[in-house]
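Undergrad: Residue strings, one per chain:
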Amino acid sequence: MQQSLERFLKALRGMDVPVSVAESIDAHRAAALVGWSDRTLLRDALAVAVAKSEDEKARYFECFDAFFAAAAGSTQEGSNGEAAAERRPGDRRLPVRGEDRAPADLVRMLLDGDRAGVAAAMAAAAGAVDLSRLRLFTQRGVFMRRILDEMGIGALEAEIRTLRELRGDEDEGAAERAERLEGARARLIEETRGLVERNIALFADPASERLREEFLERMRLASIPARDFERVRRIVRRMAKRLASRHARRRFNRKDGRLDPRRTIRSNVAHDGVPFRLAWRYTRVERPKVVAVCDVSGSVAAAAQFLLLLLYSLREVLSDLRGFAFSSHLEDVGDLLAGRPFEAAAAGIMERIGFRPTDYGRTLLDLETGHLDLIDRRTTLLVLGDARNNRGDPRTASLEKLFQRAKRVIWLNPEPRTFWGTGDSEMLRYLPYCHVARVCNTLRHLERAVDDLLAARS
Amino acid sequence: MPAASAIRERLGSAGAIAEGLESVGYISSRAIATAVHVAAHLEKPILVEGSAGVGKTELALSVGRYLGLPLVRLQCYEGLDESKALYEWKYGKQLLYTQILKDRMSDVLRDADGFDGAMARLHEFGDLFFSEEFLEPRPLLRALREEGGAVLLIDEIDKSDEEFEAFLLEVLSAHQVTIPELGTVHADMPPVTFLTSNNTRDLGDALKRRCLHLHIPLPEARLERRIVETRVPETGEALRRQLVDFVQQLRTLELRKLPSISETIDWARALVLLNAHELERELVRDTLNVLLKFEVDVERADRELPALLAHARREGGAAAAPRLA
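Protein sequences, first through last, are from chains A and B. Under this note's numbering, the first residue of the first sequence carries the number 1, and numbering increases by one thereafter. Under this note's numbering, the first residue of the second sequence carries the number 1, and numbering increases by one thereafter.
Rather than coming from a laboratory, the hints here were simulated on the basis of the structure. Just so you know, not all the hints are guaranteed correct.
To be verified - Distance condition first, Cα-Cα at most 30 Å in a straight line; then the derived DSBU-like pairs of lysine-lysine:
(1) A/K289 <-> B/K257
(2) B/K93 <-> B/K293
(3) A/K289 <-> A/K407
(4) A/K289 <-> B/K159
(5) B/K102 <-> B/K159
(6) B/K257 <-> B/K159
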């Protein structure tokens with residue numbers, strides 16, 4: 001039982017429910033408390049101990065059902081398999097496999113049609129090869145083979161061969177038995193395949209999923225294949241949520257124990273200067289006010305999707321965000337992004353302003369003349385774009401003016417640093433007027449940049 | 001106050017807890033009763049999450065009533081610190097005593113020889129100011145010092161700062177607090193602790209790891225009918241069916257704030273007060289603001305009203321009819 005629980009916790013970790021050691025101890029204690037007989041009770045008790053948020057709960061219930069369904073045959077292992085193993089303790093782990101008693105048992109059980117016995121043997125074999133070590137679906141064949149070996153399929157094959165050879169001079173009984181054994185062998189293989197596949201769904205899928213996500217996080221944004229967009233969107237949303245919760249609701253940072261003498265004296269004037277009420281110092285943590293300007297022109301079209309996605313996700317994180325998009329001129333996209341699913345919003349924006357030749361000069365001018373009131377000493381100006389201006393006037397003076405007004409100017413450029421300033425890139429000329437300029441072409445970069453942005457204190 | 005053994009008996013099994021809670025007017029789902037059971041035996045706090053009004057706070061209050069233990073409540077807010085939550089020195093009183101002692105000081109120090117002698121004399125008084133006399137216990141300390149145990153409710157922990165959350169860890173995991181001047185206070189009988197959260201921010205992992213986690217969802221129709229029946233027994237069977245069905249349907253609409261159990265109960269009370277035996281259109285329209293707290297939501301529901309009412313009548317009527325026959 002304890003082993004089953006360990007395996008279940010392992011499956012849970014695979015489903016992205018982080019179960020710490022302390023929590024697994026809690027799980028064991030909770031299971032010991034409520035017992036194993038009532039499944040719903042056990043499910044509720046374990047849920048309290050290991051799944052610590054609403055969506056973890058959902059994943060937990062899914063995993064619980066899947067695990068105990070997959071194990072329905074093989075959790076019997078608890079009663080059947082383990083009991084059987086206890087009866088003949090030395091038997092299961094014999095060094096010489098397939099030559100000893102178990103295989104003879106297998107033949108007998110198959111001939112007798114002892115389904116329970118076969119199921120128990122299969123469960124024991126599955127336990128012996130430790131199916132929870134499954135990582136990738138490609139391992140299916142290997143694990144099937146191991147289970148079958150463990151159950152003693154070699155002896156079964158041998159038995160069938162002998163029966164076939166006997167056929168000439170013995171009675172028809174042998175032939176008939178050989179037929180039956182062959183049929184049983186086919187069924188056995190099918191069942192093993194089923195068992196392994198259910199366990200792949202349980203243990204391997206999440207692992208390969210995570211592998212793929214990690215891979216995507218490091219991949220160049222522009223080269224992410226279209227079929228993975230949905231996955232990327234999920235990653236970005238999760239990222240945004242994580243950032244949001246990390247930075248939410250911190251307005252005052254109290255420095256405990258540091259007296260604020262001026263306020264103390266002021267508030268105690270009424271007490272004749274006797275300090276009855278003490279006032280302590282604190283610093284105010286400012287929430288960043290962000291104006292984001294996003295390039296959606298042809299030259300960054302591939303990355304634009306993701307820059308827009310970032311903009312969209314940021315809206316959920318920062319209440320004080322003004323979003324603009326531009327290619328040949330600047331446009332406020334706050335309304336376009338609000339209250340619509342990302343796909344529709346992005347398509348709308350691209351249609352209205354996307355794919356035109358870029359004009360950074362015009363854009364900066366638009367920003368300076370039209371929206372200068374948005375930029376004050378608390379604002380962070382976030383520019384997402386490659387600074388390729390088609391040899392137009394870069395109007396660095398406009399950026400300089402914004403630079404002087406804003407708290408910070410952050411430029412995220414999807415091109416690698418070595419490309420900056422080559423061809424029609426004006427990046428190097430804009431660089432002096434940015435507090436921070438970064439390469440941003442993978443999801444990792446994106447996350448780091450936004451994290452910095454949010455952590456910025458006054 | 002009941003003895004420790006009696007309390008342990010009352011927490012014996014999930015079924016017993018569910019029944020016990022029902023006897024004090026709290027209808028719990030199975031998951032809730034199991035959570036209380038496990039938490040009590042593992043001596044761990046429960047973090048209760050769920051949208052506003054599903055009965056998170058009420059759960060703690062009811063457990064207190066059921067176990068017959070005093071309830072200590074700590075309401076969290078931004079800026080809450082340990083002097084408000086744990087203990088505080090009675091600064092004013094200390095000051096006052098100092099003022100009084102000042103006059104007596106010359107008497108005390110009169111025949112002391114030299115500065116060292118005076119200091120030694122003063123040290124005899126030294127710890128007086130940092131003793132139990134001047135200690136103002138706040139909720140956490142009170143809960144720990146309660147002799148027969150207590151139910152501790154830390155309400156809306158998500159409203160407090162992260163620093164406070166970290167500060168809670170010692171209390172929650174070891175059931176003790178350290179006061180530098182006095183030493184460590186350890187609870188003889190660990191309090192049954194509930195933390196509630198509305199999810200305005202994600203809580204830290206360290207805190208979550210120390211707690212068991214219970215999520216209370218909006219109830220399904222049957223459970224909600226039982227809750228209304230217990231809380232507002234004056235409602236007739238037919239009305240109860242209709243109003244619960246109506247609320248259940250409202251929850252499927254896209255509203256800014258879905259009505260939760262407390263709103264259902266308020267509404268049931270309002271309907272009883274208005275002598276309603278059935279949901280009628282005018283009546284529902286007039287009382288809709290009990291259920292829905294945003295103007296846009298009321299307008300949205302108002303548009304759907306005929307369909308919702310028809311469904312509720314059908315459900316309520318169809319289910320009630322066989323009973324009459």
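Undergrad: Can the restraint linking A/K289 and B/K159 be considered satisfied, given a maximum Cα separation of 30 Å?
TA: holds, 22 Å
Undergrad: Does B/K257 lie within 30 Å of A/K289 when you go C-alpha to C-alpha?
TA: holds, 28 Å
Undergrad: Is it true that the CA of B/K93 sits at most 30 Å from the CA of B/K293?
TA: violated, 46 Å
Undergrad: A/K289 and A/K407 were given as a pair; does the straight-line alpha-carbon distance stay at or below 30 Å?
TA: Satisfied, since the Cα-Cα distance of roughly 9 Å is no more than 30 Å.
Undergrad: Checking one constraint from the list: CA of B/K102 to CA of B/K159, max 30 Å. Satisfied?
TA: violated, 43 Å
Undergrad: Is B/K257 close enough to B/K159, meaning Cα to Cα at most 30 Å?
TA: Distance of about 19 Å is within 30 Å: holds.
Of the numbered hints given earlier, the model fails hints 2 and 5; all others are met.
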